Amino acid sequence: MQRKINISPSPHIHSGDTIRRNMLDVLIALVPATLVGLYFFGLGALIVGSVSIISCITFEYLIQRFLLKKTNSIGDLSALVTGVLLAFNLPSNLPVWMVIIGALVAIGVGKMSFGGLGNNPFNPALVGRVFLLISFPVQMTTWPEPAALSMHYLDAETAATPLSMIKNHFGELPHTIDLLLGNVGGSMGEVSSIALLLGGIYLLVRKVITWHIPVSILATVFVFTGIMHWGVNSAIYATPLLHILAGGLLLGSFFMATDYATSPMTAKGMYIYGAGIGIITVVIRIWGAYPEGISFAILIMNAFVPLINFYVKPKRFG
Amino acid sequence: MKTFKIGGIHPEENKLSAGKQIVDIPLPKQVIIPLAAYIGAPAAPIVAKGDKVKVGQLVGKANGFVSTNVHSSVSGTVAKIEDAMDASGYRRSSVFIDTEGDEWLETIDRTPDIKRDCALSPEEIIAKICDAGIVGLGGATFPAHVKMTLPKGKKADLLIINAVECEPYLTCDHRLMLEHSEEILVGITVSMKAIGVKRAVIGIENNKPDAISLFNNQIQKLSFKGIEVCPLKVKYPQGGEKQLIEAVTGRRVPSGALPIEVGAVVQNVGTSFAVYEAVQKDKPLIERIVTVTGKSVSSAGNYRVRIGVTLLDVVNFAGGIPEDTGKYVAGGPMMGRAVANLEIPTAKGSAGVLFIREGEAAHREMHNCIRCARCVKVCPMGLEPYLLMSLSENSLWERMESERTMDCIECGCCSYICPANRTLLDYIRFGKSTVGNIIRNRNAKKN
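Same order as they appear, the protein sequences are chains A and B.
In this text, residue positions in the first sequence follow this note's numbering: the first is 403, and each later residue adds one.
In this text, residue positions in the second sequence follow this note's numbering: the first is 5, and each later residue adds one.
Pulled out of the complex, with its shape left as it was, chain A reads as follows (with noise of 0.2 Å):
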């Protein structure tokens, strides 16, 4: 009897967990904040996010094909995810043609150019985000109106965001509950902070991620932005409830700041890494030019992650 019979060293078992499993569970857990997205921002936000994602995997398989003629990698869903998380940075009034434009940079600079998954050194959805946000300021800051099933696009009445009356000083700020529901002006993705953190606890739960990353990029949050309403001055400073509920800091907490290929290795590294990300986001929002700093301080402690890797070593056995 001849039997093909396979010597490999040991280990002979596999945990049987998979890179595509990874980006499965985290599409469903933003599952959601795209029911939201799609409920307040309506036609809008199913046209961006659609195009979105078809370009996100379009491009990469192009480039995958005739650029770098190498096996497809669509399969592992990662270009899945960063087409949902472009989109779910983006206002869901803007252009089609812009939309193709963040997910080419996105996936062709963000990540293909590099390599692919897990070489890149940037969030690929937030490459293709601050490009935008710098080529079309106008249009990256004008985002509609929340309105149930919405079936305006381009044409949507526009609504600022509860950062950008922080920013600029004007306008009620919109109540707790409607910050945790998602019936503010912002990006698609962002607006629901129940719905994020019930994706977060998903990751969290199914061990896609740990708790370092989110928890301390909150805590410095929460602590920065309290030390300046309370300790300096709660006329001018936003209270550090609205800091976390308003804007992008729970998406980015929680699914992007997390991205394994651009964050750290270690759990100290990840402290480091999650307070530089708070501090920044912090600072850009009270003293920078724009009401947001998430992205960029994504962006930036990105930057430091091969530093961090490099200094800052797992305890030791022994």
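Honestly, the hints are just simulated from the structure, not real lab data.
Some hints here could point you the wrong way.
Unchecked claim - Sample of chain B residues facing chain A (criterion: CB under 8 Å; computed from the structure):
| id | residue |
| --- | --- |
| 1 | I10 |
| 2 | A342 |
| 3 | C376 |
| 4 | A377 |
| 5 | R408 |
| 6 | D411 |
Please read all numbers here as calculations on a predicted model, not as lab measurements.
Ideal Cβ placement from N, Cα and C applies to all residues, glycine included.
Chain B: place on chain A using the hints.
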């Protein structure tokens, strides 16, 4: 519940044969007794072709201090002394003996009576262990008399018995404990005397509650002094020497040091049993318990096998090779060796034969490292496997040494957990052997 602090995984336990009593394997026509199936210098053969031997008769004499005696496990005629492939894949000098009857040396006490008292001095005990050719039966097969002879100036205060059996599937130690608990306790008492310690702790994972309560009862009922049982939370690789010492005592053996640095000596529970047989019954190490297991094995079980019986003979007695087998593993699934065929002799360190199904044995496609950091999280030595692998790929040996690659115990947690199917341990092993050579050359130059 106690356990070690850094890293570790919990793979499916799959202790399929835990409830199966130990069964004797009938004697085959021929046995192949390796003269070097342990760490250290090979034994020198002292028999020649045509010589008649009895069970327990010396056939290979220890060649230096770190070497062990080898005995015949059957009675019969020496057919030849030739190289034969062993589980490591290397061909090593072995004694082939054609079996005739089952005639034992008269000096061996074959009665089932348990002999508790031991009037021998520590030196005499160690001499008997040395004569009996005992090696560590947990897998590393380091000569037991060497381990039990403490280096000058060092003192131990504790003997730790490794009854963890943290490898999935394997149950040979578990069965031995259930069926020979009193002998093991005598073996531990004798070993304590030899090493000069007053206290021994048996570390057992709590997936073996029957063994834990049996030992507790026996220790109390038969009043064994100084021996206690320490139940441990199930976690791999708790059977690693450094991990076990930490789990039981909280002491951490420093990098590159031996357990004696923290006053501990670790002995596998199977070795304790062998010590009992050697010292109290004058029986050399000529047989051991082997688990035959796998998800498709119809009658997974535990077998008492004479050293030198081929694994194929063992497997055939245990119901044959399952149809859907994709890999033969000598040992457990985490640290055992995949072998090309089973016509290799049972060695002193052979704990089991595991059949991995085709699907599970199939090659998994390797992807880019996605830096999920799971390998760092599970490494029980606090290393960074992803980094060591890339250093090894790029031949950066100095950096690899400074990142403490020599601390790696090759437990395989990193490769097990990796979602990108990276063969981390393969590269680290390669790096370790290169770095090890560099260190040896450097030390040789210094001296």
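Verification of the supplied hints:
1. At about 5 Å, the closest approach between the beta carbon of B/I10 and any beta carbon in chain A falls short of 8 Å, and the interface hint on this residue holds.
2. Here the hint on B/A342 is kept, as its CB sits about 5 Å from the closest CB of chain A, short of 8 Å.
3. Below 8 Å, beta-carbon pairs count as interface contacts, and B/C376 has one with chain A at about 4 Å; its hint therefore holds.
4. Nearest Cβ of chain A to the Cβ of B/A377: about 4 Å, under the 8 Å cut. The hint holds.
5. With a least beta-carbon distance of about 6 Å to chain A, the hint placing B/R408 at the interface is held under the 8 Å criterion.
6. This hint holds: B/D411 has a C-beta 7 Å from the nearest C-beta of chain A, less than the 8 Å allowed.
Every hint, counting from the list given before, is met by this structure.
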